[in-house]
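The listed protein sequences derive, respectively, from chains A and B.
Counting with the numbering used here, you get residues 1 to 429 for the letters of the first sequence.
Counting with the numbering used here, you get residues 1001 to 1330 for the letters of the second sequence.
In case anyone wonders, no lab produced these hints; they're calculated from the structure.
Even glycine gets a Cβ: it sits at the ideal position worked out from N, Cα and C.
Some clues are possibly wrong.
A few chain A residues that face chain B, going by a derived Cβ cut-off under 8 Å, partial list only [as the list claims (entries may be wrong)]: (1) 165; (2) 169; (3) 199; (4) 205; (5) 209; (6) 267; (7) 271; (8) 274; (9) 323.
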Amino acid sequence: MKLLLKGGRVIDPGIGKDGEFDVLVEDGRIVKINRSIAPDGAEVLELGKGWIVAPGLIDIHVHLREPGQEHKETIASGAAAAVAGGFSGIACMPNTDPVNDHAGITQFIIKKATDANLARVYPIGAVSIGSRGEQLAELGEQKSAGCVAFSDDGRPVATALLMRRALEYAGMLGVPIVDHCEDPSLKGDGVAHEGFHASALGLRGIPGLAESLMVERDVSLAELTGAHVHICHMSARQSLRAVRAGKERGVRVTCEVAPHHFTLTDEALDGPIKYDTNLKMNPPLREPADRDAMLEGIADGTVDAIATDHAPHHADEKMVEFDRAPFGITGLETAVPLVFDRLVHAGRISVKRAIELLSTNPARVLNLPGGSLAEGAPADIVVIDPDRRVTIDASRHVSKSKNTPFNGWELRGAVAYTLVGGRIVHRSA
Amino acid sequence: MNVDAPVLPTSSKSDGATQLRSRHLLGIAGLGAGEIALILDTAEAMKEVGTRPIKKVPALRGRTVVNLFFEPSTRTRTSFEIAEKRLSADTLSIATATSSVTKGETLIDTVRNLEAMSPDMIVMRHASSGAPHLLSRVGRAAVINAGDGMHEHPTQALLDAFTIREHKGRLAGLKVAIVGDLLHSRVLRSNVLLLNTMGADVCLCGPSTLMPAGIERFDVRSTSAIDEAVEGADVVMMLRIQQERMTGHFIPSLREYFALFGLTPERLRRAKDDVIVMHPGPMNRGVEIDSEVADGPYSVILEQVSNGVAVRMAVLYLLAGHDSAEPLKA
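Turn these sequences into a full structure, and let the hints steer you where they fit.
This is the structure we're talking about:
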């Protein structure tokens, strides 16, 4: 079984490749990348002019909701949404019901993902039992079962002591702690960024410092322990400053930003649909200075990865009062158009940097296979048509949930093909 | 029954506005100065109805108005009910304790069930900011916001404006001090929007812990010194301070709050000689306001309550006009 991707622009920042090459895939692996490869019996995918052939994208922050909340998403539907969005690999957060704090649940997730046979699914295990912040989960057992990192995402590790021990212990295992930074007392019962718009709408505020205080704490704890901390979904400019300062002094800290945090601000709350619960996520949309800081960090290299924080919720759950709605929006199927339209075409970053943020670096952050087009590597490949105009239509999304604030947006940049292990799992040519 | 029409405002009096643009009253936000003036002028006519021996006109005859109160309220609910009855509407009031909400029904489902019985208007009070906006998007009935969370309480601001205008003859150029829990108050937000639109000079005053973030963009002055706020004021409006504010570390004690922010006769002397003192209620005597002031000659607190009925009649009448209400004639 041979497949030839012909005529695209191959970009692999990991091995420094950027140019017009053909890519030959055989038995699920990349066997050759060269100027002009003869088909020689291979099925040929003729790619359009300027189409990008890159290592399959990897989203290191998604919520698949299974087990426990299958009405929002399942592992299969999430994996299908992933490949529809160009992602050949996704790392799923442990805040399922029950929480993935045990090897048995990790094995269940891996089994379901294998059955789905779409994107590769990498479970992230809980730091503490039940993510309650009281007792370390069996990180070693979970790692053996397949967990690639640990996080109490959504429920920040409230005590410095537990975070210290988690970093030390995970450091011993050679895996990072993926850190949802939020000071619970400063966040309180806030539902939107603390600022003029929340004040005018009478919504309780969450200050940027609720995030950045814990970023500062955990960057310092990573420094103390020598372990790797990865800061999730950064939204506040002070958080970026803390990560930048940590990196400058050699701390093993990496970080991610979600597309909504480099695209939207809290001004959206004052839009035509007042109290749109699809604008409610945690951390919240912040003010323009914060959004601009994220853009700057993305451009200057401080930000390592773009991760979507794909957080599906059922329409019924979002059709409620703003302060009663759950936090979170979907992200897998809108990430590529947003990255290309808002970052690449806007002249903020190169295509190479976009691939680095969406594939090369996410693989490195969590030590995942993939993120590379090296000869011999599994053929996890995304083909992007950077100039295709798309109108986001949530009703046609593959994810079980449609909670996106980008419905109806017209953007430039789309996924044409997604390949996992040499198999075409998504086609939109 | 005496059903003479109230003398309604002419368009020239209300800057040309003869009806409201929206079929809902979700907030003061979005109302223009002409619309506000129209409501206040209409309320004057409605107030006259309340002075008659038979306080009833047939304007909303055959209309069904549901008062849907998800939060306890005595004053506002009673005021709306009286206003509706004086306009001859068929009314019914639902409080959370007796509704399906306690059985886990969502707001949308509660409203859809009510809508199945074809009410013309829903007056809603809800603890969540934006709940009336959600309601207005899913339902067919006209929605009147009777207070949503920390967001707006438009009819309160309108009755406050009506009361001020009765005493001062105008709103533009007046110095209005608003003192108290600025952060959690929906009365504050509606009043700031209304008074700014009408050209008043507003000064907000409260503890720094109870100042909303971004207050500088509210386009008003603000201070934590009550003497400064009250100085030369035409109107002093006090806001309620809730007992539970101590638990969020907003204030150390009610005692200290009164010492720093309570309106006393001494402090009131800094205001203009003809100052009026207002309070949306319910009042905490000895916390935000000294009884001597609350019951004193400058207080118009009970007039606010009386005027509430007339203002709500005006709002109901004008919104009903969108669906061609019964003419106010007999």
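Here is how each hint holds up against the structure:
1. The restraint placing residue 165 (chain A) at the interface with chain B is violated, with a minimum CB-CB distance near 30 Å, outside the 8 Å limit.
2. At about 35 Å, the closest approach between the beta carbon of residue 169 (chain A) and any beta carbon in chain B exceeds 8 Å, and the interface hint on this residue is violated.
3. Because the closest C-beta pair between residue 199 (chain A) and chain B is about 4 Å apart, less than 8 Å, the hint holds.
4. The criterion of a C-beta within 8 Å of any C-beta in chain B is met by residue 205 (chain A), whose closest approach is roughly 6 Å, and the hint holds.
5. Given the 8 Å rule on beta carbons, the hint for residue 209 (chain A) is violated: about 12 Å separates it from the nearest Cβ of chain B.
6. For the restraint placing residue 267 (chain A) at the interface with chain B, the shortest Cβ-Cβ distance is roughly 11 Å, beyond the 8 Å limit, so the hint is violated.
7. Hint on residue 271 (chain A) is violated. Least Cβ distance to chain B is approximately 12 Å, over the 8 Å limit.
8. Restraint check, residue 274 (chain A) versus chain B: the minimum CB separation of about 5 Å is within 8 Å; hint holds.
9. For the restraint placing residue 323 (chain A) at the interface with chain B, the shortest Cβ-Cβ distance is roughly 5 Å, inside the 8 Å limit, so the hint holds.
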